[in-house]
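Counted from 1, the sequence shown has number 145 at position 145 by the working numbering; the numbering is strictly sequential.
Because the hints were derived from the structure by calculation, they are not lab data. There could be a bad hint or two in this list.
What the hints assert, rightly or not - Once the Cα atoms are required to be at most 27 Å apart in a straight line, the calculated DSSO-like pairs of lysine-lysine come out as: (1) Lys39 x Lys87; (2) Lys92 x Lys30; (3) Lys92 x Lys39; (4) Lys58 x Lys104; (5) Lys25 x Lys92; (6) Lys39 x Lys104.
What the hints assert, rightly or not - Label pairs and their in silico Cβ distance ranges: (7) Asn34 x Gly56: 22 to 30 Å; (8) Gly99 x Tyr138: 30 to 38 Å; (9) Leu127 x Asn29: 19 to 27 Å.
Everything numeric in this text was worked out from a predicted model, so none of it was measured. Glycine included, C-beta positions come from ideal geometry on N, C-alpha and C.
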Amino acid sequence: MNTEMQLFSISRKKKTTYKYDVAHKVYKNKLNQNFRADKINQKWCTNFTYLFLTDGSKRYNCTITDLHDRIVIASITDRNITANLAKRTLEKAIHSQPGIDLSKLLVHSDQGRQYTSKEFTEFCEDLGITQSMSKAGYPYDNALLDIISFQYI
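Just need the whole structure built from these sequences, with the hints factored in.
What follows is the structure in structure tokens.
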């Protein structure tokens with residue numbers, strides 16, 4: 001009967017199974033949805049965005065926003081979502097802020113493997129930057145970049 005009516009089933013591809021890495025280090029949430037900063041370079045939020053291009057390929061954008069004035073201070077797009085991309089974006093943000101006191105800087109992110117990796121956490125520790133992370137599966141602090149975009153539309 002299905003053939004007579006020209007009905008066909010559509011099968012979805014199976015989801016790929018992901019192998020989750022063990023986090024090198026996870027930090028306590030020190031932001032706690034307090035999206036205000038009294039001074040510039042006091043609290044930064046960072047996150048990754050997936051960009052789907054018309055040719056079917058993907059790019060990954062890492063962005064850092066200063067909570068004082070809600071301005072994007074660094075953004076880098078790459079073909080791979082890596083700890084190195086997060087590190088390069090943080091380096092770019094630091095270099096764009098002359099005279100910054102890194103010992104007073106809080107960088108908030110999710111618990112993505114890029115931010116919990118040895119490469120990124122040791123980079124922050126070496127510079128004296130305090131890291132803060134939302135608990136796993138708790139997107140409210142991480143949605144800050146989306147909240148900021150809606151405020152300025």
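Below or equal to 27 Å on CA atoms is what counts here, so check Lys92 against Lys30. Within the cut-off at roughly 23 Å; holds.
Straight-line alpha-carbon gap Lys92 to Lys39, limit 27 Å: holds (20 Å)
Can the restraint linking Lys39 and Lys104 be considered satisfied, given a maximum Cα separation of 27 Å? holds (10 Å)
Agreement of Lys58 and Lys104 with the hint, judged by alpha carbon distance not exceeding 27 Å: violated (35 Å)
Holds or violated: are the alpha carbons of Lys25 and Lys92 at most 27 Å from each other? Given that 27 Å is the threshold and the Cα spacing comes to 23 Å, the pair holds.
Asn34 and Gly56, beta-carbon distance inside 22 to 30 Å? violated (40 Å)
Does Lys87 sit within 27 Å of Lys39, going by the straight-line distance between their CA atoms? Holds, at roughly 23 Å.
Given the range 30 to 38 Å, decide if the beta-carbon distance of Gly99 to Tyr138 lies inside it. holds (34 Å)
Falls inside 19 to 27 Å, the C-beta gap from Leu127 to Asn29? At roughly 21 Å between Cβ atoms, Asn29 and Leu127 fall inside 19 to 27 Å, so the hint holds.
The structure is inconsistent with the numbered hints 4, 7, although it conforms to all the rest.
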